[in-house]
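Assemble the complex: chain A is given as a structure, and chain B must be docked to it using the hints.
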Amino acid sequence: MEPALIIEWVIKSAILLLFGVTGFAYLTLYERRALARIQVRIGPNRAGPFGILQPVADGIKLIFNQELIPATADKVLFVLAPIITVLPALIIWAVIPWGRQVIIGGREINLYLSNANVGVLYLTAVASIAVYGIVIAGWSSNNKYALLGGLRSSAQMVSYELALGISFIGPIMLAGSMSLVDIVEAQSKVWYIVPQFLAFLIFMMAGLAEINRAPFDMPEAEQELTAGYHAEYSGMKFALFFMAEYIKMIAIAAIGVTLFLGGYRIPFIDIPPAIEPLVFFIKILILLFVIIWVRATFPRFRYDRLMAFGWKILLPLSLANVFITAVILVFRG
Amino acid sequence: MVQLQEVTLDELKHLVSDRAIQGDTMLLNMGPQHPSTHGVLRLMLELDGETIINCVPDIGFLHTGIEKNMEAKRYEQAEVMTDRLDYLNTVGNNLAFCLAVEKLVDLDVPPRAQVIRVILTELQRIASHLVWLGTQSLDLAAMSMFLYCFREREIILDILELVSGQRMMTTYIRPGGLWRDVPEDFYDAVQDFLEMFPKRIEQYHGLLTKNPLFVDRTKGIGVISGEDAVAWGLTGPTLRGSGVAFDNRKARPYSGYENYDFEVPVRNEGDVFARYICRMDEFWESLSIIEQGMEKLRELDGAPIRSNNRKFVPPPRSELGTSMEALIHHFKLWTDGFDAPAEYVYMPVSSPRGELGVYLEGDGGNKPYRVHWRTPSFIHLQALPVMSTGLLVADLVAIIGSIDIVLGDSDR
Numbered sequence: 015m016e017p018a019l020i021i022e023w024v025i026k027s028a029i030l031l032l033f034g035v036t037g038f039a040y041l042t043l044y045e046r047r048a049l050a051r052i053q054v055r056i057g058p059n060r061a062g063p064f065g066i067l068q069p070v071a072d073g074i075k076l077i078f079n080q081e082l083i084p085a086t087a088d089k090v091l092f093v094l095a096p097i098i099t100v101l102p103a104l105i106i107w108a109v110i111p112w113g114r115q116v117i118i119g120g121r122e123i124n125l126y127l128s129n130a131n132v133g134v135l136y137l138t139a140v141a142s143i144a145v146y147g148i149v150i151a152g153w154s155s156n157n158k159y160a161l162l163g164g165l166r167s168s169a170q171m172v173s174y175e176l177a178l179g180i181s182f183i184g185p186i187m188l189a190g191s192m193s194l195v196d197i198v199e200a201q202s203k204v205w206y207i208v209p210q211f212l213a214f215l216i217f218m219m220a221g222l223a224e225i226n227r228a229p230f231d232m233p234e235a236e237q238e239l240t241a242g243y244h245a246e247y248s249g250m251k252f253a254l255f256f257m258a259e260y261i262k263m264i265a266i267a268a269i270g271v272t273l274f275l276g277g278y279r280i281p282f283i284d285i286p287p288a289i290e291p292l293v294f295f296i297k298i299l300i301l302l303f304v305i306i307w308v309r310a311t312f313p314r315f316r317y318d319r320l321m322a323f324g325w326k327i328l329l330p331l332s333l334a335n336v337f338i339t340a341v342i343l344v345f346r347g
Numbered sequence: 275m276v277q278l279q280e281v282t283l284d285e286l287k288h289l290v291s292d293r294a295i296q297g298d299t300m301l302l303n304m305g306p307q308h309p310s311t312h313g314v315l316r317l318m319l320e321l322d323g324e325t326i327i328n329c330v331p332d333i334g335f336l337h338t339g340i341e342k343n344m345e346a347k348r349y350e351q352a353e354v355m356t357d358r359l360d361y362l363n364t365v366g367n368n369l370a371f372c373l374a375v376e377k378l379v380d381l382d383v384p385p386r387a388q389v390i391r392v393i394l395t396e397l398q399r400i401a402s403h404l405v406w407l408g409t410q411s412l413d414l415a416a417m418s419m420f421l422y423c424f425r426e427r428e429i430i431l432d433i434l435e436l437v438s439g440q441r442m443m444t445t446y447i448r449p450g451g452l453w454r455d456v457p458e459d460f461y462d463a464v465q466d467f468l469e470m471f472p473k474r475i476e477q478y479h480g481l482l483t484k485n486p487l488f489v490d491r492t493k494g495i496g497v498i499s500g501e502d503a504v505a506w507g508l509t510g511p512t513l514r515g516s517g518v519a520f521d522n523r524k525a526r527p528y529s530g531y532e533n534y535d536f537e538v539p540v541r542n543e544g545d546v547f548a549r550y551i552c553r554m555d556e557f558w559e560s561l562s563i564i565e566q567g568m569e570k571l572r573e574l575d576g577a578p579i580r581s582n583n584r585k586f587v588p589p590p591r592s593e594l595g596t597s598m599e600a601l602i603h604h605f606k607l608w609t610d611g612f613d614a615p616a617e618y619v620y621m622p623v624s625s626p627r628g629e630l631g632v633y634l635e636g637d638g639g640n641k642p643y644r645v646h647w648r649t650p651s652f653i654h655l656q657a658l659p660v661m662s663t664g665l666l667v668a669d670l671v672a673i674i675g676s677i678d679i680v681l682g683d684s685d686r
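Chains A and B supply the protein sequences, listed in that same order. Residue 273 in this note's numbering is what sits at position 259 of the first sequence, and the numbering runs on without skipping anything. Residue 407 in this note's numbering is what sits at position 133 of the second sequence, and the numbering runs on without skipping anything.
Only chain A is shown next, with the shape it has when bound in the complex:
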């Protein structure tokens, strides 16, 4: 393997990680400003113009926060849990394509880290690791609220993963490939949201449940469980949970854009590869706004209803969607 390729990978990984971490910071600002607009408030606007330094201030504050570990907590697991939660959120970015190739200094560079031929499987596999972090956090805190939050979230994530995974199958069948690059290229004429609208809805709902966002934010449910699994966490360890949640939010938006909204492409127009990441980014921003909008509008599901909804409605629907898609594909040859 040539050294230049390794250097290229290292640089691309570093950029993706930096994007994840800054993206998290600025997503909090984006969310706070957007929510404030919806809720007739102003939102953070003191630190820097339009409050763009607010995430920096928050970060500094969190770094210097005192780290408390409860005396009765299981210390090893307690420290391990945020790390287990945040890692999958970061490595999920490896297979998501930002564009095709650009030529920098005579060298052709792919705008993705890996075009794995099982990209979609990788997504589902990595996404399901995070649940361990949350269960361990809830258990090791030795706090009843945290325990309830951890239990809720493990049940929720396990049940919604199924519907989420099955909703991926529609686009896979249409594209005839599991590679995310191929799926995006197959959408050069029509976005898969059109033939696979039901799958898109299922994906959005299951995705929101998977990342514990409103209206499925049962594990944290501040009104009932006061914060759920991260009730006992403070300082940077708390920030890691927060980071994981927000990076996963971006990741879900990115996956949604890739699978259903044409990824980095605009239909019928061949845009220069250099601005493809920008197109992708704008689409992510729009999808993120939808997620924030949902949070501002809906009350929370009740826990038992959530499970019933997942198993009795979403799962059969997603299976039916796969079946119908398959039948249509077979008949059209």
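Keep in mind that the hints were calculated from the coordinates and are not lab data. These numbers come from a predicted model, not from an experiment. Yeah, the Cβ is synthetic: ideal placement off N, Cα and C, and Gly gets one too. There may be inaccurate statements among the hints.
Unchecked claim - Subject to a maximum C-alpha distance of 30 Å in a straight line, what follows is the list of computed DSS-like cross-link-like pairs (lysine-lysine): (1) K641(B) x K158(A); (2) K26(A) x K203(A); (3) K493(B) x K326(A).
Stated by the list, open to error - Part of the chain A face toward chain B, derived, beta carbon under 10 Å: (4) I52; (5) R166; (6) V341; (7) I342.
Relative to the frame of chain A, chain B by itself:
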């Protein structure tokens, strides 16, 4: 000297089931710093998974000693403390106390003052219901509603500030009438509110009543039958949600409520959703009462707003320079107050939460011998275990919101 008694575990065992002692169930301490307990309520929950087996409310964290303090204050001084009881129904508390004092000393109130009293208490009722609606929605995680409700409440608080100089602690209603007449801007301010608010109620319905998630979280939750509700002493919208049409404004009218045309909204289901609809409908009734009141107020323009009984009500300042008698009354009332007979009265009014009753006993002097407040929050909290047993923790939060407790009202 208060004797501190040590409580042994055996004495508390009756509060939990046998299964808890064997370790089958989990005891969860909810509050007093929990965000959904609307202040400083503490609940001891016994949970089987997330199902509530038993719920023991523990109150007293906001105890102010106001009832006892009132015995050391003259009647007109004690009134200032009534604002601090139920801090969402300040005008209503003033009204209840003043009505009790007026009943005790047999004092008349001029019609214009009565109309203004009704308008302000109804405005306050809307403001209190807005806080309830906001917090109830917030408990169910519909967070935007909370801010919309507080936006509207702010307008009502501005009106209260306009008339009394204070947003919340108004002490505007005084025994025998009011502190002073409403300013000229009051008419327009109330009119603007009357025009703006109906559209906002429709928006609330759009966000909540038509939202399947909200209906799912509230329908069939926290059911209490009409008989049980009466037996537990529930009043107000909490009782009316269970199909009992009882309201002190209709049953025992005060301040001229018998002259207003309004309905008492009733629902039969007895669940959180029924109580929600009852309160939402009360918005319309309150608006209608305010509208009728404003009409009456315009007719009574320039009429007196205080009783002419100089033994209880201080004379206007303008008379002090010309009338010796007025000066004597002024001096007497502001230094010594007025005496009330050694009798007792009970004055129930309809607060936004339910029946707010003032028991007032005089001893012939200028201070009450005993004041007791029959407050709806305190009584509604007793019924909480009945409503919540067998449901989930998430439902408990919805039920606490639906009985609309104010801890300042409960701990006196």
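Structure-based check of each hint:
no. : hint              : result
1   : K641(B) x K158(A) : violated, 50 Å
2   : K26(A) x K203(A)  : holds, 29 Å
3   : K493(B) x K326(A) : holds, 21 Å
4   : I52               : holds, 6 Å
5   : R166              : holds, 8 Å
6   : V341              : violated, 31 Å
7   : I342              : violated, 31 Å
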